[in-house]
Amino acid sequence: MTLLPTLAVTGVEPSWYLVLAAALFAIGATGLLVRRNPLVMFMCVELMLNAVTLSFVTFSRMLDDVGGQAVVVFVLVVAAAEVVVGLGIIVAILRKRPGATADDLALLKG
Amino acid sequence: METLDLVWLIPALPLLGFLILVVGGRKLGEPLAGILATAMVGGSFLASVAVFFGLVGKSEEERQFVQTLFEWIPVGGMQVDVGFLVDPLSITMCLFITGVGALIHLYSIGYMHGDENYSKFFVYLNLFAFSMLMLVLGDNLLITFLGWEGVGACSYFLISFWFTDPEKASAGKKAFVTNRIGDWGFMVAIFASFAALGTVTYTELLGGAGGLSETTATLIAVCLFIGACGKSAQFPLFVWLPDAMAGPTPVSALIHAATMVTSGVYLLTRANPIIAEAASWVQPTIAWVGAFTALFAATIAVSQRDIKKVLAYSTVSQLGYMFLAVGTGAYVAAVFHMITHAFFKALLFLGSGSVIHGMHDEQDMTRMGNLRKYMPITAATFIVGWLAIAGVPPFAGFWSKDEILLYAWAENPALWAVGLVTALLTAFYMSRQVFMVFFGEERFTVDAHGGEHADTTQEAIDHEVAAAEADEAGHELVLHDPPHESPVTMTLPLIVLAGLAIVGGGMQLPFTKDLHFLEDWLHPVIGANEAHISVATGTKVGLALVAVATGLIGIGIAYAIYIRKVREPIEPEILADAWRYDSSISAFMGGPGREGFEAITTFDKTVVDGAVNGVGALVRRTGDSLRGSQSGFVRSYALGIAGGAVLLLAYFLAQVTF
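So the protein sequences, as listed, match chains A and B. Going by this note's numbering, the residue at position 40 of the first sequence is 40; the numbering climbs one at a time, nothing skipped. Going by this note's numbering, the residue at position 271 of the second sequence is 271; the numbering climbs one at a time, nothing skipped.
Just chain B, same shape as in the assembly (with noise of 0.2 Å):
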């Protein structure tokens, strides 16, 4: 047996795991439910490894290997079986999955400690994994959208986790219902595949692309686009991404920032022989698309009070930047900057979970100050995150946005300066949150004695020391405990997932190409349609300058606004409310858009169901006019019989011709 057939257990590990906490996990309770689904991720993790092991051993023709389990669509023309496509893509997307999904799996064992639900959260991170891995895995298209509506459902479970909350239970609302018009168009590219080509296979689809004429190519493409809008939060799509954020800070950190997220930009690097059929402003469409989210996004960035919010933000900005590569046609950009940030985003997102744990529940950015003297390792990590987003060499992410902005450059340096822009506006907003969770003064007030256990008189004269410091401060927050670092099941997976973001950049380095190991590694998938650029060394070099020195200045700003205060912070309410987005969407929706519903409905009312009734009403009329014919008297009857046998008689002798 070789290694390669393994695959199936990459996706059929976290499905057993869901399966056993579907049925026991309330038996198996805490922390042993959290234990058995960390186990299962990381097996899943380690199959993927062995898969990659058995890929990388093969030359690189041979890199593409399909499994398939079972027939499960078999109807007239249309075959579509449950199998697995392995190859460079898949597996680098599985590994990333897997691996950062484990390490998320081990930290929410921490952090979902006490929880009355402990085990169902563990039952829905497992069923994520399982749908994500099938997404990635499956070879066609129809195994790709049963994970993709996996991934959506799942997302939806665990955003409204916390389901008694209304709010929280609405914003799982939103984000399902905004997918759904993603959705729409993926389905949509899927029947337009299988009209065009008679299939749905990868294999197929991709190796007929060549066939396709220039308007279904654009049309799938399109479609497919859509689609990718919805499930990576770009513009006009991003509105859920915002308050997905009312979920677990686990559930954050996996989907809506490593893996789930990302799967539009997959999708698309997948398709990448329809995109290269379609007409030619497709390309730019998604690029400018994705350049003008990044820069959007960043502005809202700057302004938000909640740490999470800026994360989010910060999120759909970096989505941004990997549509940008995918429409300059940097597909391995995409995927670099995908991992790099999964490493990152992920380390952002746990580390401002562990504040959130440290300063019991408190999100709000102005409250907090100076943690990095009670939570060291969350600190040092978070720092490590930071650098690595603003663009510092030698952290990940430099390198990823580096090449993203690269070839940006060639295409058009309008996208490049909209990238520039962004980058500046990330150090700057990511430096601002550093400095006011981690330096600066402390805004809020430790009070160990607040509250009802004050027993002896000096801890009393303690309490009301505490609360007259906190009011002359002007403190809105009283803690009960000093905020406290994490236990090791959180900064075990910080301090990995640091250590991923500091050298994660290795896996392509731009110097010689000899170092382009992801692009050799991607060439067999995406190879052909990858954009060849021509930039000269001392251009590229100069770029890389640019770059850096933005995301410096960016630092510096913010280093003086919110450490030296040489001015207040500019932090416009239009910003902080997301340039009204989201209000002009209900203030639409509830003015002209609900005047134009209840039109529809007016519409539906009397004309629809007018027709309807109109009917049943003719018929009832009519016999109400008949009925009185119906009178009873056998007499008349008979009549009426005889009056009609003599017509009729009359009318043959009529017709008669003597």
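The following block holds chain A by itself, in its conformation from the complex (with noise of 0.2 Å):
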């Protein structure tokens, strides 16, 4: 019960992720630039990263090489991780000015 014949017999390409993919990480990177609310650039950043672990996983797909999805681990550990440390900083920023946006943080200007 593998992924490839659910995707052949449903009639799915494996292009039709990386374009998704790429739709996600569109969305992430444009989110990113437009909003200026902390909480929801934080989670842009994670769409984006998640966009690329879909693409990852598709590729080892189409190429039958296991290392892709090992990638896809690591990058899960390492998002963990960002999200405990950077959810943090976001919590004490708001709690102690609240309602700030990411122009107002602007403090470590040269």
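Because the hints were derived from the structure by calculation, they are not lab data. Since no wrong hints were added, every one of them can be taken at face value.
Selected chain B positions facing chain A (in silico; Cβ < 7 Å):
#1 S631
#2 G632
#3 F633
#4 V634
#5 R635
#6 A638
#7 L639
#8 A642
Calculated lysine to any residue pairs in the SDA-like style (CA-CA distance at most 20 Å, straight line):
#9 A:K109 to B:S636
#10 A:K109 to B:G640
#11 A:K109 to B:S629
#12 A:K109 to B:G623
#13 A:K109 to B:Q630
#14 A:K109 to B:V634
#15 A:K109 to B:R621
#16 A:K109 to B:L639
#17 B:K309 to B:F235
#18 A:K109 to B:F633
Think of the CB as a built atom: it goes at the ideal place given N, C-alpha and C, for glycine as much as any other residue.
Put the complex together from the two separate chains, hints included.
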């Protein structure tokens, strides 16, 4: 019961998954650029990460190479750690300055 | 154990004395510190004598012995040991350095009496003796250089011994700085020797000198000569020696007359195989520099009024004779004159110290006169020294100077003529000094009751009378105590040195080959490179007679002018001012020299500093213009990253050919 026969049965091409990944990545990137709420920006970053993992899995399938799936496990672990740190910072900032946007936090300018 | 193995004791004893005095000199105090220092140098003299006899007991071929104490610098191909080279030359040097040195130490016990830094003086003196002995005993150029710098440093310490006087302090600095110029030459010579032969040890270096190319040998010889010029006060580096007289008189006698200043002559004599390999113009250059210095300094000595300045210029002049001898290949004569000069010049300096001491620190000869009445021993010994330096037979100076003039004659009569004129001037200025100081009328007034101690009416009247007398005679100097003879610690060295100045010529008499003791003795060291001259006996006698006559004429002229007063003394201002040599150097250094240095400073400030600062300014300005991009807005950074990613993607897509 591997994924590939299922895809073949349903007529879904692997390139569809790549298109989906690209779409997710574009949405994430655009969201990061246009939104100012730190939490939303953070979610956009997660979206981009997941888009990349999706393309990894797809290529892994297409090329019949398990290495791509191994990378996904790493990405999941790193993303979990990043969420802990990132969310911690955002919560701390919002507690101190409720309603602050990313542009308000420009204290490190040159 | 052989007596030769005792050689390490020669420098070790003064070093021990130095260490003891450094630690406990103040506690020992006067006169124990002086006695200890004298004993150490005396012991060193005894060790030298023992080694000397050990060397005499060997056959001529075996008179060379190297004692290696320990490895000093083992670096790759370079191996330098701390070791001593014992051969006739080094032991001859040791004998007179420690012998004359011990006498001067003894003299200093009396001379430095009451000085607040009494023990410190002997610390320096012992350190000096140690350094000087390392210089002559070292078995390689590096040990010699160590001693060379050591004596230079001690010279500096001792010239500025009374450092609270700014003039004396700066005289020390002048000596030190001038010597550095010479030291540069010496260092280059060491580097060149090592580069050419891979060794700095004398036995290998001088043995391998035959394998040097002429250019290399010339470079080494010239650099050694520059070094020797600095240390031995030859033109143009002699300026420091007259100023060095600011130091205590025993220092002038020991360092600036008898020993340290002769180390340049020693170095050139030691390096004679290298000089022999050098280009043919090197030796005549040495001879002419020596001859010119001899004459130049002698003319200056004629007009000096300070009793020590006369002797200082005289020393420069006599050192010129030694260089003249080295330059004509008369190494034996150079060493001979070095030894006799050590005797009579040390004697003259110590005598002048005795005079200064007796006259209560007066150094101006125009305020002296008739002192033989007050200080008979000093006067008698000083007269012996005077006759020795003036070249009157049979005193020591006659024999050595005559030998130098003989070789000069064989090399080039022009050199001989310069030497002869110098001899005439030498006899003249020394006679002038003796007549001004010890003969003639008193040019000072003794006022026993001067000053605040006029207790009784009679004494007050005496004081009035003395003051009136002084006024009438135009005497500037009024002494409250009459001049007095010096204590026995000071006169004893004078007497011993006077004895040596009389008989010193006996070590090398010209009459028959059997009497050439010094030449035979030094033969293993110099032998091959000593000039061999063939001058008929008649000519030799003739030259000697001319030299004696010249000396007597010089004395006669001085007698006529300063005793008989047939005419006013001729003492041109320009000579008293040393041909304005010092002031021209100052003027040059203060005028064009200073402008030159300032131009260099400007170059340094604008070009060198400009380059460095320019790099800094460039970085800062670039940073300034770039800091605007660092806005702190996370989203603008993100836009940058996104834009960059798009550009990269576009670039790679463009590369791909479908």
